Amino acid sequence: MSLRLRELIRSVRSCKTAAEERAVIAKECATIRTAFKENDVQYRHRNVAKLLFIHMLGYPTHFGQMECLKLIAATTFPEKRIGYLGLMLMLDERQEVLMLVTNSLKNDLCHKNQYIAGLALCALGNIASAEMARDLAPEVEKLMSNSHAYVRKKAALCTIRIMKKVPELTETFYEAASRLIRDRHHGVLVGAMQLILDICLTNGPSAIAEFRSKVPDLVRIMKSLVLSGFTPDHDIGGLTDPFLQVKTLRLLRILGQGDATASDQMSDILAQVATNVEGNKNAGNAVLYECVQTIMGVESIGGLRVLAINILGRFLSNRDNNIRYVALNMLAKVVAVDTQAVQRHRSTIVDCVKDSDVSIRRRALDLVYALVNASNITTLTKELLEYLMVSDVEFKPDLTNKICALVQRFAPDKRWHIDTLIQVMDQAGGYVKDEQSRALIVLISNAPELQPYTVRRLYSVLTQSHPQRALLIVGVWCLGEYGDMLLLDGLLEDEEPVAATEASVVRLLETLLKEPMEETLIKEMLLTCTVKLSSRFPNSSPQIKAILEQYQGSISLEVQQRACEYSRLFVHEAIRPALLENMPPLNEDLTASGRANISMEGGSVDAPESPVAAATSPIPAAISPSGQVPPTQPASPQLVDLLDMNVVDEPAAPAMNAPAPAVDLLADLLGDGVAPPAPMPAAGTYPPPTSPLSAPSPADWTDISPALHVHSSALD
Amino acid sequence: MIRFIYLQNRQGKTRLAKYYVPLEDSEKRKLEYEVHRLVVNRDPKLTNFLEFRTHKIIYRRYAGLFFSLCVDMNDNELSYLEAIHLFVEILDHFFQNVCELDLVFNFHKVYLIMDEFILGGELQETSKKVILDRLAELDKAE
Chain C
1 MSLRLRELIR
11 SVRSCKTAAE
21 ERAVIAKECA
31 TIRTAFKEND
41 VQYRHRNVAK
51 LLFIHMLGYP
61 THFGQMECLK
71 LIAATTFPEK
81 RIGYLGLMLM
91 LDERQEVLML
101 VTNSLKNDLC
111 HKNQYIAGLA
121 LCALGNIASA
131 EMARDLAPEV
141 EKLMSNSHAY
151 VRKKAALCTI
161 RIMKKVPELT
171 ETFYEAASRL
181 IRDRHHGVLV
191 GAMQLILDIC
201 LTNGPSAIAE
211 FRSKVPDLVR
221 IMKSLVLSGF
231 TPDHDIGGLT
241 DPFLQVKTLR
251 LLRILGQGDA
261 TASDQMSDIL
271 AQVATNVEGN
281 KNAGNAVLYE
291 CVQTIMGVES
301 IGGLRVLAIN
311 ILGRFLSNRD
321 NNIRYVALNM
331 LAKVVAVDTQ
341 AVQRHRSTIV
351 DCVKDSDVSI
361 RRRALDLVYA
371 LVNASNITTL
381 TKELLEYLMV
391 SDVEFKPDLT
401 NKICALVQRF
411 APDKRWHIDT
421 LIQVMDQAGG
431 YVKDEQSRAL
441 IVLISNAPEL
451 QPYTVRRLYS
461 VLTQSHPQRA
471 LLIVGVWCLG
481 EYGDMLLLDG
491 LLEDEEPVAA
501 TEASVVRLLE
511 TLLKEPMEET
521 LIKEMLLTCT
531 VKLSSRFPNS
541 SPQIKAILEQ
551 YQGSISLEVQ
561 QRACEYSRLF
571 VHEAIRPALL
581 ENMPPLNEDL
591 TASGRANISM
601 EGGSVDAPES
611 PVAAATSPIP
621 AAISPSGQVP
631 PTQPASPQLV
641 DLLDMNVVDE
651 PAAPAMNAPA
661 PAVDLLADLL
671 GDGVAPPAPM
681 PAAGTYPPPT
691 SPLSAPSPAD
701 WTDISPALHV
711 HSSALD
Chain H
1 MIRFIYLQNR
11 QGKTRLAKYY
21 VPLEDSEKRK
31 LEYEVHRLVV
41 NRDPKLTNFL
51 EFRTHKIIYR
61 RYAGLFFSLC
71 VDMNDNELSY
81 LEAIHLFVEI
91 LDHFFQNVCE
101 LDLVFNFHKV
111 YLIMDEFILG
121 GELQETSKKV
131 ILDRLAELDK
141 AE
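First to last, the sequence lines map onto chains C and H. Per UniProt numbering, the very first residue in the first sequence carries number 1; after that it's consecutive. Per UniProt numbering, the very first residue in the second sequence carries number 1; after that it's consecutive.
None of these hints come from the bench; they were simulated from the model. Here the structure is a predicted model, which means the values were calculated and not measured. Check the hints yourself; a few may be wrong.
Stretch-level coverage of chain H by chain C, calculated; a stretch enters the list once three of its residues show a Cβ under 8 Å from a Cβ in chain C [to be verified]:
(1) 47-56
(2) 62-72
(3) 107-113
Even for Gly, the Cβ is constructed at its ideal location relative to N, Cα and C.
With the rest of the complex left out, here is chain C (with noise of 0.2 Å):
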């Protein structure tokens, strides 16, 4: 005699250990086992349902497959649900024993009992697979039309399953689903609302413009449900059927879209149901939250839409967070297409940032990156600001980075812009990316009314302690080529006074330098700027040349090489100043370009056909610092050209003094096979995208070199 199956949980839920629970199973399983091997008809489907429960609780049960097979095949109706629900928990799609099963399918989907046919209808809609689907499709067809509303309902369903599995066979079934949108049975309807929307995300506008013909039934679905008073059966939270509606309205949704027509007609029920359907319950809220859907989806008349914005305010006001989310995931929506409606719930929207909730706080966030303009973005802005102190650390890097986008589309002016970017790297420097920084940098060297006060700010926030990654790198460059400006006067309005020397400045870099730091990058960034400023600060050289060659022993190669190299340039002092040079403004377009242009203009230099692209591209620059010499000697035209260009940027001053040692130098560095990296990189003007601001790599180096070897080869 055999365990029942209430026995079974009985005695698995007394279980104390896992083991005592495995042992009971186990001895049922065999049990099972023998049940199954012996053919036991009579107590099949006990057994089926005992290892049902088994197969819950995570044992493996495919020895039951078969049975579940058999027991389809049996007659009785209890049997064949049992065997039903086994197939649909222990078998998928993907099995081949599921092709066994087809047959008996076929069968029970032709059974006069309805509830027979229920069972297979609704075995077929939740595992077909593509061959049941083509081989049972016809039966399933015939089904939607039963007199039973019970079939209909389901085999509107399986239908959609059919579809998704076998597409082409789609439009045998628009007939159908157009008969069952007349149907009164409201499960029926729900059944054939989502069958048309599925066969017109199948396919697309040709059955949308089939099914467009009937919004007109589908509008008086919707006005019967709207006007209708209260009705037992299908009635939540004071709706009638809100399901029925909100599938409904979705369909509208779909059939309006693009068409005026269409739209026409269901204008009227959308303002109905938008005004006369009360928010106070949840189910009245889904309702209206798909009207505001459809009313922005289809081509709705101007006054429609402001009901719909207007509803959406009040759910944003609402205190169940539900709502809040579902409104701001709809003014998401809404945002591209009418802008100017969802500005005037800016102050709700930016305080649902600060939400506790995470799901409200990133649809928020969204939506406010979304209506930044050049009209809010300094409030908007300050708002960010606040909320990237207190946020949570997985949210600092997306938002960073939005904050650092929007600054650079929509500051109002320069000033604004650096003070914001600086404020930005010094709470979450560490999530800037390096275009940003790279960004910025451009800006200051294009901003030369704010140098100085720009310089004022970083030093002042580097000589906080441990400044951010991402501040350390614009702070250093920019203290590398403006740090003279330092010292000078002329505060900006309502700006505090630095208190900055020499001493003070190299003291700080010195410091900078031997923090632990993980990256050599900086280190590489802030050998070049000492370097840098040891031709802005004369007096304090000897300190520098001293701060340098205490790295020419460093263990990262970059880092020596740099420190070596750069004491070295201590022994040419008539040409240290011209190498030490300021850097010409970058230029801004390349910010955006990548790294395959550059190469591609730089190629052009030792073109010499094209003169033009070679005056344009960034090489010329790059020559200018260490190539400071006049056209004195005859010199190649383009190469007339490039210097031409020189001499309007920058006055060469310091190398006018000296023309002929430079020469000679320049020679001499050239010819010398270790120096020549050194000078070039040292006066840092070669803008390579990635890092404008350290010296080029060996592979920078070798893009450069053709353009040196038309340089000296000018020269003799």
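Chain C is already provided as a structure; the job is to place chain H on it using the hints.
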């Protein structure tokens, strides 16, 4: 479309799982674990919606049981939330004051109810009365 439905208790035991998409067993275990972890410690004041991979989890807690639905991103969340409630009401009527143990001992009945309520991941019947009447008839057929 609903991808899967879970009924889980606070301890993380999955009392019922129904999948409308084919998944490997190991993947199912992983999902059960992940969904449970996401919903169990959430503050009740927060939304009942969670963005989960490329889908959304709509969940609702009833005493110690969590009902979670995994649905598509652009589905109407509020409507599914209402559907969970309707399902719970049906269970409550059917079992007369449903409790977790009812679901354990009558898991096959719960599946039966679910199959009357949802088919192929889509809502099948929206009337509580129709479903309860149908279940009574099916019970008679046993």
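These are the hints, each one checked on the structure:
Coverage of the stretch 47-56 of chain H by chain C holds [criterion: at least 3 residues with CB-CB distance below 8 Å; count 5]. For the stretch 62-72 of chain H, the stated coverage by chain C is violated: 0 residues have a C-beta nearer than 8 Å to a C-beta of that chain, whereas at least 3 were required. Note: the stretch 107-113 of chain H has 4 residues with beta-carbon separation from chain C under 8 Å; the three-residue rule is met and the coverage holds.
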